[in-house]
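Colleague: Sequence:
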Amino acid sequence: MLDLLVKEPFLGFRKEALKFLKALTNPANNNKLWFDANRAVYETYMKQPMRELIDSLAVEIYKLDPDIVVNYKSIFRINRDIRFSKNKTPYKSLYSAGFAFDKIKSSEVPQFYFHFDANEFLFAAGQYSMDSDFQKKIRAGIYKNFRTYKSIVTNKNFVKAFGEVRGESLSKFPRGFDNLDPDKADPLLVKTLKLKQFYVFRTYKPEVILNERLVDLLADDIKLSYDFTKFLHDSSK
Numbered sequence: 040m041l042d043l044l045v046k047e048p049f050l051g052f053r054k055e056a057l058k059f060l061k062a063l064t065n066p067a068n069n070n071k072l073w074f075d076a077n078r079a080v081y082e083t084y085m086k087q088p089m090r091e092l093i094d095s096l097a098v099e100i101y102k103l104d105p106d107i108v109v110n111y112k113s114i115f116r117i118n119r120d121i122r123f124s125k126n127k128t129p130y131k132s133l134y135s136a137g138f139a140f141d142k143i144k145s146s147e148v149p150q151f152y153f154h155f156d157a158n159e160f161l162f163a164a165g166q167y168s169m170d171s172d173f174q175k176k177i178r179a180g181i182y183k184n185f186r187t188y189k190s191i192v193t194n195k196n197f198v199k200a201f202g203e204v205r206g207e208s209l210s211k212f213p214r215g216f217d218n219l220d221p222d223k224a225d226p227l228l229v230k231t232l233k234l235k236q237f238y239v240f241r242t243y244k245p246e247v248i249l250n251e252r253l254v255d256l257l258a259d260d261i262k263l264s265y266d267f268t269k270f271l272h273d274s275s276k
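To convert a position in the sequence shown, counted from 1, into the working numbering, add 39.
Calculated directly from the structure, the hints in this document are not laboratory data.
All the given hints hold, so there is nothing to weed out.
Quick list of in silico lysine-lysine cross-link-like pairs, DSS-like style, CA-CA up to 25 Å: (1) 269 with 183; (2) 223 with 175; (3) 233 with 269; (4) 199 with 233; (5) 61 with 244; (6) 86 with 112; (7) 269 with 195; (8) 223 with 183; (9) 46 with 102; (10) 131 with 61; (11) 235 with 223; (12) 112 with 71; (13) 142 with 262; (14) 230 with 189; (15) 233 with 189; (16) 269 with 102; (17) 131 with 112; (18) 233 with 183; (19) 61 with 125; (20) 54 with 244.
With the hints as extra help, turn the sequences into a complete structure.
Modeller: Here you go:
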C-alpha cells in the first residue's frame, strides 16, 4: 500500500463519476441490468480512482498514526444490503470509505469516514453507531476524563471546522451517573452524556473530488478530528 513506486498517484476523479452516481438516483437505472451495462464506467471512473485515492491517503495517514488501518477494504461496497430493508434498490447513489484504529473499518466503531454523491462531498468522524455497549463505554470515558474531552471539542480549530459534536440524544439523563447533579454539572457534560452518538461532520461541493488536492483536504480533516476520534476509540475499548 505504501510503496509509491508501484502505485498510481491520485489525480482526481473525472466528471463521469458524478454523472454515474446521479444516474443511479433514477429508479429506472438502479438495477443490475443497467449497472452491468455500465460496469466499465464504474470500474474506470469510480473503482480505480478510489483505489488511487486510498493509496495516496494511506501515505498521509500513516504519518499521522500507523495504527489507523487504510487499505482497499476501507472502501464500502456500492451494493446496498437489502436483506432487511423495505427499499430494494440494489445500489447506493454514493461512494464511501472509512478508516478505524487497529482494524478494518466497521460500522460499530469510532472512525473517520467520507462519501460523495452527485450533490455533495461529506467528511465525518466519531461514533455513529448507537450500539449500547459502545455508548456506555464512551460515556464513562467522557465522564472520567471530561477535562480532556472538553479541551478537544472546544478547541477553536476543531469548532471552526466542525461546530459541535452531534448525535441523537436521550430524553432523560442516563443511568450510571448517580453522583452527578445535572442541574449543577457543566452543561456540556450533561448534554454530552445524554448523546447516543458522538460525531462531527462537514460538507463540500461535490466538485472537490475532481482535484488531486482531495488527498490534502481529507488528510487535514482527519488531523483536525484525530484527537476527538482517538479519544472515543480509547474510551470504547
